[in-house]
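Fit chain to chain and form the complex, with the hints in mind.
If you read the sequences in order, they're chains A and B. Mapped onto this note's numbering, the consecutive letters of the first sequence carry residue numbers 311 to 713. Mapped onto this note's numbering, the consecutive letters of the second sequence carry residue numbers 1270 to 1669.
Since no wrong hints were added, every one of them can be taken at face value.
Rough simulated footprint, nothing fancy, chain B against chain A, three-plus residues with beta-carbon under 8 Å: (1) 375-382; (2) 468-479; (3) 492-504; (4) 662-673.
Chain A is faced by these chain B residues, among others (derived, beta-carbon under 8 Å): (5) Gly-1320; (6) Thr-1392; (7) Val-1399; (8) Ala-1407; (9) Thr-1437; (10) Ala-1441; (11) Leu-1443; (12) Val-1469; (13) Trp-1514; (14) Leu-1599; (15) Thr-1619.
It is worth saying that the hints were derived from the structure and are not from the lab. Since this is a predicted model, take the numbers as computed values, not measurements. Cβ coordinates follow ideal geometry from the N, Cα and C atoms, glycine included.
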Amino acid sequence: MTAAVPGALAGLRVLDLTGHRAQLCARLLADMGADVIKIEPPAGDDARRIGPFLDDLPHRDRSLFFWFYNLNKRSLTLDLKHSRGADIFLQLVRSADVVIESFAPGTLDQLGLGWEVLHRENPALVLCSIAPFGQTGPYRDYIADDTVLTALGGMLYVNGFPDRAPVRPLGLQAYHSSAYFGAIAIMIALLARDNSAEGQWIDLSMQEATAAAVEHVAAGYFERHEAEPRRGTLHWSRFFRVGKCRDGYIMHCTLGDWTSLIEWVKSDGKAADLDAPDYQQPMYRYLMAEHVFEVLDQWVKDYPRDDLLERAQLLRQPYATVRPPEALFDDAQLADRGFFVEVEHPELGRKFRYPGAPYVFNGTPWRVTRRPPLVGEHTGEILRDDLAVAPEALATLYAEGVI
Amino acid sequence: MAAMPLEGVRILDFTWVVAGPVATRILADHGAQVVKVERKDPPPMGNRKLGLQCDLHRGKLSVALNMQHPRGVELARRLAAGSDVVMDNFSARVMRSWGMDYQSLVAVKPDIICISMSGLGHTGPNSSYVSYGPTLQALTGYTQLMAEADGTPAGYGYSYADMCGGYTGALAALVALWNRRRTGRGQFVDLSQFEAVAAVIGPALLDISVNQRQQQAPGYNSQEGPAAPHGVYKCRALDGDNDRWVAIGVRTGPEWRRFVTAIGSPEWASDQKFRTLYLRMQNSAELDANVSQWTATRSAEDAMATLQRAGIAAGVVENGIDLCERDPQLKERGFWPTVSTAKGPPTNVTGIPFKLSGVSGNVRSIAPEVGEDFDYVLGELLGLGKKERDELVAEGAVWT
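Looking at chain B on its own, in the form it has when it is part of the complex (with noise of 0.2 Å):
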């Protein structure tokens, strides 16, 4: 078989909680071999064997090092000089603290590759915050602009500034071991989570330095150009389901025109304030609730399927049982792929969103338990005999 993209790349994984798993989770996909550096006892976060926490780690090895021991800190230190990549997700004290910053992993191995994403950044007067995704959304404007019509904030039932945090992570480390190929240098990049969400909120960041624009929250009006009807609209219920919605984006004129024939050309689609898309946005109340009527009449499956034919923008609002057994799309393009598992059932996971021509990444086994892997990654990466890596344990410096 062909070799993964990322065979012969090692990582050494310092990462918790979700931005930083994300990132090297993404690498491990592709080949990567990425060993997560664990605490005996991580904070409890669910089932490792499936779900979040199995989607998080899968493709990796665990070792649990003690890294308030001296004899920990060697083995880390150890591990590092045979990685290509240490990355971690802590303010800019812990790393340093263990002698496990840049700066002392360069004596180890002066090409590294280190790549820590903390909350803030590792320098500025707010370096020490305490962060997590949600309030990092907070600070940046996400929660406040996701809001109902009468300013109560409404949205955010996931942490977005955890992906775009994962995502830059593993972009970053990509960039730099394409530079380390052609360069011969290593370096070290401090990834901010906090700038990584603020840099992707788009053009409004513009519109407020450059044309001073106090920001709405925009609810559903179009953000890529006007569009009416452009929005979520009720439909009939499923199998008792009452939530159910329909997702319409229409822009153009001829779009319009197919879009009102795709709903039986009603009466009120001809009246002059819908003859405009500049009239429709005028009046767009009215033609939501105009459009909502045709929408209550069918199922979000059936309105979706009559729209598309038509060439008109239109989706199922998906919920997780849409989205993993009833999406004919994802199921055909295999996103949801099995993993299987040494005790029990097989067990899905999320996906990879692309594919390669040549070989793609793919999913090589679900995620380890804390420690799981202490025998492979101290016995083969590090050479250390039976009677050496029981006296490890014995003094304390490593966990089984």
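One chain only, chain A, in its complex shape (with noise of 0.2 Å):
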């Protein structure tokens, strides 16, 4: 955990505001070498709240929901609803170069905090609003969760089998999407200020960045006029699907070499018509997609699962098996790649492992610079080392709820 070569961002600023729905926008810097600093209200973040917990004890210290998203970030209590918060919060503004909140439409000007007032306290500073619907239009107020969000943002409906109910998105999608798009539109603004040395607000909406995920279905739309249907476990592309082996799933492609894949097929017997030249064609396949993966499920009905993905993938046919999210934990790729990684947690006097970075910086590698913090772990050094806050004045906020 020691700092060698600093990440990519050493040297950026970043002020995090956001609660549970938006806190992996500021852990993206974070992992790139950025300092972010989780601002939570003196009884910690509504994420500390959120389980699974650490031997299922509930604990504000104990959420892995919280210790996901906030990896590598340092914490700060403050009341920003007192006055000497703000203050405080307007003091840190002047030397922070990215401000991300996810607060209600209209929250940060209630508490004096507004775009209006933090530019003008530090005209660089690049503020990122992430709200369910953006901080405009007839829904502006509204509120959501991910599910509702993958409900109106076109994702759940073109999930799951069309005679049956629509299938929820794994892994909050809607939050996840919205975080990404947040940290891209931060490095845009950061990259814009490099020419006019001026900061920028983003209005970030949930909504339009889970619609952005699902882009074929307003493709669908625009090109076809028509509403993607759910289609069970075949991609929208047709070339995709789900196919059942003697223990287990496996995902069938029939975008690989099509004459080797028929050849294998044919030499267990199974090719039914599919060895016809038609076939050849990808636009042929797409178009016979359901029988042509009919005839696949039969082929592949009698195989271990394991056996067919490593034949497969020695002839380069793109198949994958349908996997627990356990089996990454034994994933030969990943641990040569080393990703994940052990995250030392010295107060508990154990180490976990965590996933680590999606990819290799050559020139300023990813690592882990702290674990998550504990509640207003960092309050106490960061007013003193960054504002100079005097102990005796330190003590005072404490001892009146700011901090």
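Structure below.
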């Protein structure tokens, strides 16, 4: 956990005011070396109340939900509703590059900390506001959780079988898509600042970020004026579908080299009519997808799935096994690339494996600089070192519940 | 007019299919000049003038270089020398075989940034695996955990993995550019799309590694703290369409009380078994059946409006027509911008989910046909005269 080469975003200071819906955004920047200060209400962020919890014992410093999104950040508790708290925040804003917030639209204004105020305090500051529906429009004040956002973003409707209820996407995809767009927007604003010296206010809509992640739905509408249907496990492109093997499921793919796939299926005596020349054309396989997958399902049903995958990949067929996420922890590829990293929690005397970075930057390597913070862990040091708050003043702020 | 945020940044773009084009499209939307290097006959993916292919390649330039021809490679290397970032989504060997990998390009441009967005990364025992978004979703657990109650995989009409890979690629390019402006140094980014989608499964990964808990398909159980009712509920048909649903999420006590009032305080809601959040979770099947009785009597739009007025998270499960035609919020915010086409009527595309208070991104043009920008790229960017260009075409180094 020692710092050798600085991260790619070393020198960037981010104040993270987000609640549980948007905290991946600042984590993405913290992972690249930005100094991210998570500002929590004195009672702790709402994410700390969300499970799962370490050993199933709920406690604000044992939330794995909080841990996942707050690795590499520092924590400062501050009551923004208190005038002294707001003052301290403004002092921090002067030396910050970025503020990220996910309050209901208008909340920062009510706190006297709206864009005009922050911009006056620090004209170079980038403010990123992440709200369910953005800062404008008739739904601006509506509320939503991830499931409702996947509904209103068109993502939920296209999962599952047509004659049954839609199936909810796994893994808070509306929140995560929004966080990615937030980090991208922030970097774009920071690069623009290199030319103009001016900060900007980013208005990000989570509904739009969700809709953007299922582009084929809108594209299908603009191309054919139709609503994309639910198709079970058939991918909208019609080149992928789940099939059942002897001991589990696999993902078929008909975009690889067709000749070698069909040679293999034929050698097992299961090709039916798929060796007809028409099927050499991807467009014909597209049109005949249901039939093609029926034949291929018959072919794979007696195969053990790991054997099938190994042989498919040897032939450069883009097949995959349908695995549980537990399999990632035993995956040879991820192990070789060091995807999971051990993070020490000294106060617990334990180490845990966290998912790491999805990329290797050869010049500015990814690394864990700190485990997720305990609530308010860095309040004292930040106020003392950055704002030169005297010890007596710190004690007073603490007694008054401001920090 | 003020400059676009990424004006002056040039991307040499070797990416194809979905993930890579998503990454470079985001950069193009914000003013980067993206020069797409393609084969003469890329695999047919569909019409570039509307729909998904237009979305993916809009605002880019296209040049068709023959990378099997030494002079085609030479042109690519000269383009790289004048670019800030080179992006690809091939496996490691492809760019190396052309002499277009980071180590080779540093010789022509010392501060070049190279971003390779391969399926499983450039290193490791499975780095040569061939993959697409749907297969990566299968390998990481998404497909298995998006199942019906009986365990039948039911999920994934789309490629979340491609989007995660694309966003991660765009972010990596922007971060590397920011870093280069401060240090003067470029770098090589080896991005694994497999890892990009694995990284965002979320807290469930820690539940596995920390608590050793085997993950079950969550169905509609809330993944952000307990909630009940929480799920989708069938609504009245709309214009003969019987596939109408509303998503609802109720958490706190005050929310529950507002919810009950909003649906007209039915008798069942005062039953002891729904008194607390814990009890509502325990008896969620019965609760869901009761809620469905209420939603069945009204349209999804009406259910949403009634509940939102009461401060309850609720939303129509929007299909493509709802999304692009009916949703008043997306319309009001201009999320489906209109782009003009050279021939034929203008078309609409998916917009950009964020606005900047200065100069926002915008969709500048529809996607180019393969090789459409031959004259500009070779003439303007590389300064080659007509005679030389004709020669290169005649030699088969470049296609028009």
